[in-house]
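With the hints as constraints, model all of the structure from the sequences given.
For reference, the chains in residue letters:
There are 2 protein chains.
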Amino acid sequence: MRDVSVTGRGITKFGKNTESIKNMLVEACREALIEAGRPKVDAVFVGNFASGSLANQEILGSMLTNELGLGSIPSMKVEGACASGGLAFRQAYQLVKAGEYDSVLVAGAEKMTGPETETITNAINHAMDNDSSEGASGLTFPGFFGVLANRYMYEYGAERRHLAMVSLKNREYAMNNPMAQFQKATSLEEIMNARPITEPLGLFDCSPISDGAAAVLLEKGKDGVQVLSSGQASGTPLMQEADDLLHMPATYESGKSAYEASGISPEDIDVVELHDCFSMTEIIAIEELGFFDKGKGWVALENDQTKHGGTVPVNTSGGLLSKGHPIGATGIAQIIQIVDQLNGRAVNQVENATHGLAQNLGGTGAYSTVHIFRKKGA
Amino acid sequence: MRDVSVTGRGITKFGKNTESIKNMLVEACREALIEAGRPKVDAVFVGNFASGSLANQEILGSMLTNELGLGSIPSMKVEGACASGGLAFRQAYQLVKAGEYDSVLVAGAEKMTGPETETITNAINHAMDNDSSEGASGLTFPGFFGVLANRYMYEYGAERRHLAMVSLKNREYAMNNPMAQFQKATSLEEIMNARPITEPLGLFDCSPISDGAAAVLLEKGKDGVQVLSSGQASGTPLMQEADDLLHMPATYESGKSAYEASGISPEDIDVVELHDCFSMTEIIAIEELGFFDKGKGWVALENDQTKHGGTVPVNTSGGLLSKGHPIGATGIAQIIQIVDQLNGRAVNQVENATHGLAQNLGGTGAYSTVHIFRKKGA
Chain A
-12 MRDVSVTGRG ITKFGKNTES IKNMLVEACR EALIEAGRPK VDAVFVGNFA
38 SGSLANQEIL GSMLTNELGL GSIPSMKVEG ACASGGLAFR QAYQLVKAGE
88 YDSVLVAGAE KMTGPETETI TNAINHAMDN DSSEGASGLT FPGFFGVLAN
138 RYMYEYGAER RHLAMVSLKN REYAMNNPMA QFQKATSLEE IMNARPITEP
188 LGLFDCSPIS DGAAAVLLEK GKDGVQVLSS GQASGTPLMQ EADDLLHMPA
238 TYESGKSAYE ASGISPEDID VVELHDCFSM TEIIAIEELG FFDKGKGWVA
288 LENDQTKHGG TVPVNTSGGL LSKGHPIGAT GIAQIIQIVD QLNGRAVNQV
338 ENATHGLAQN LGGTGAYSTV HIFRKKGA
Chain B
-12 MRDVSVTGRG ITKFGKNTES IKNMLVEACR EALIEAGRPK VDAVFVGNFA
38 SGSLANQEIL GSMLTNELGL GSIPSMKVEG ACASGGLAFR QAYQLVKAGE
88 YDSVLVAGAE KMTGPETETI TNAINHAMDN DSSEGASGLT FPGFFGVLAN
138 RYMYEYGAER RHLAMVSLKN REYAMNNPMA QFQKATSLEE IMNARPITEP
188 LGLFDCSPIS DGAAAVLLEK GKDGVQVLSS GQASGTPLMQ EADDLLHMPA
238 TYESGKSAYE ASGISPEDID VVELHDCFSM TEIIAIEELG FFDKGKGWVA
288 LENDQTKHGG TVPVNTSGGL LSKGHPIGAT GIAQIIQIVD QLNGRAVNQV
338 ENATHGLAQN LGGTGAYSTV HIFRKKGA
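Top to bottom, those sequences are chains A and B.
Under this note's numbering, the first residue of the first sequence is numbered -12, with each subsequent residue one higher.
Under this note's numbering, the first residue of the second sequence is numbered -12, with each subsequent residue one higher.
Mixed in with the good hints there might be a few duds.
The list treats identical chains as one, so a pair stands whether inside a single copy or across any two.
What the hints assert, rightly or not - Pairs of lysine-lysine residues, derived as BS3-like cross-links and limited to a Cα-Cα distance of at most 30 Å, are as follows: (1) Lys27 - Lys243; (2) Lys3 - Lys363; (3) Lys363 - Lys27; (4) Lys294 - Lys84; (5) Lys209 - Lys84.
If you're looking for bench data, these hints aren't it; they were derived computationally from the structure.
Being a predicted model, the structure only gives us computed values, none of them experimental.
Here it is, written out as structure tokens:
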């Protein structure tokens, strides 16, 4: 098995973007290819969730390959709800590691603005099992994570303000990120008093509707930030089948696989990007990934342990909550922030960071990927 | 690199199916898993094109894995228009060959009936580049392949009846296939006089709207029909960018890669399933894949060279034209027919078949995959 590195990265500004999904993909990919020194590309993988429903466009792999003038090389789109980007990256990593390809361009994108809000909400709900009664009875993603938040507070003694602390931290990080959707200052009070979305989550506890694209180039060898391992797991897409609402088995299992394959432990990780689709999701993820004990994630927030100077800075890009969440782009954007951190050129740079981790969740725990990275030469 | 074999296969009857896409997938997968002797499965890949737009459902990988009780193993959906099934199969083959997984369940499915015809046509058109003016100016898939057919007849001297011969051959094969959508006898006259769809293509020259699912289990080793090689290529999704309408570079390139990787030549192939989304497409494909000279495919039809007893029997399952074309399922269903042929248990069995080829096309040549197979022990 060969070494695999990220040798280039590109990203569009997240938020409302009047460009098509194709043009956003091309922008991000051109930046990544130029940064990597325009090497030969052997394949193109695109992570995307809902371009058919929201952008009237599929065949993103072929369309992008053609537009970039890369010739007749293999291409495809990978879908796994909000984990689409992470899944596409994983396929590329596995195939470069195995020697099937020497280099793969991996992009993620979503064009979400434009349609009516109801159309967008319906498309997002395609990430639930709609054969079940759950979607039909009115369950939405904010609804699901709201129930988790209530249960979490009841079981572990957390308070509403601990959820708000996640949103505030990520907004404060986003204020330094020119690619982030939200860069306006806020306060714990504003977050706590914001328009309620679903009890107990308010507007600032929920990731927004966003357009955007992100891309990385993976190449064999060690001439870049090295990908040490990939973990992936599936979980139930049904709330009624969850054994314990406060566990996300896919997050845990994907982390476990990635730690085992890399020989790296949570204590070795210097910086983390994880899937804060809701404030509650970040608290559960920092527990499932082994950074804090089960039920103690909120204490870590209370004690600033997920900021610079704490146990491990989490979502220094601003996270999904404030950087934005163009679904298919998210998994790649998370990886870009980790790559930038390990290259010493990130917004909210963590000093002397040598190991980073990116976790990407799909659905209500239907998919999770974890990738672990090491600084070049470290 | 390890040997990889198909050890089990399952398929639903194609046509209108009142079951959900999940239930169709489960039916096909259970059959494949039982046939393979219920081995441990390491990952689940699903090929699907438009389940978001047509079936209000994504996350097919996770949903299927969960419904089959396979635990937290990795899963994903792969999209590449009508080549989605072939692309999913290719990923599985590459990763088992490389040792990343020992076994992968690969399924394909599409649920197309239900919505209004206009909704279905719009969803199918997501397989064009909708940033261009082509779709907006009214180009459809029948329109594209109709233009090709007119050009082909003009350049090479073929006649309308040669197109009809493709449809008739495939219907005659489908009459013996209990899983096929159309099993009613027809005649060259009926095909020639059928309702026109787009000049010169009539109703029988166009593949239908279908529901269906198909699945195969891939395992390391030689205990099944062996996968000798995989070829994949991308092509332009834009008609205006085609250098020559009568060439399908993706089909040619994917065939070339697969032949080179296997050491097998077109002359060694005993039976073929290829992508006859339109009668015209079959004639171009038998040329691009090297079975007949460029411009001479129609002569092969005239001389029965693509039937039993000819150069190579093509689409003995009935093809997309008569077996049906549930988009995501098609690539897997093609492979099932080849596997059945090499196991000596196919409908329209080709005697002493030892090598088979399956070709799956996406869009107007945006994607093509070719897989070459060898009989167990041959």
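Alpha-carbon proximity context of Lys294 and Lys84, limit 30 Å: neither (33 Å within a copy, 43 Å between copies)
Regarding Lys27 and Lys243, is the shortest C-alpha distance of 30 Å or less found within a copy, between copies, in both, or in neither? between (34 Å within a copy, 20 Å between copies)
Homomeric proximity label, Lys3 with Lys363: Cα distance no greater than 30 Å: Neither. Shortest intra-copy (34 Å) and inter-copy (55 Å) distances fail the 30 Å Cα cut-off.
For Lys363 and Lys27, with the copy left unspecified, which applies at a CA distance of at most 30 Å: within, between, both, or neither? within (21 Å within a copy, 37 Å between copies)
How would you classify Lys209 and Lys84 at a CA-CA limit of 30 Å: within, between, both, or neither? Intra 12 Å, inter 24 Å, cutoff 30 Å: intra and inter.
Of the numbered hints stated above, those contradicted by the structure are hints 2 and 4, listed in ascending order.
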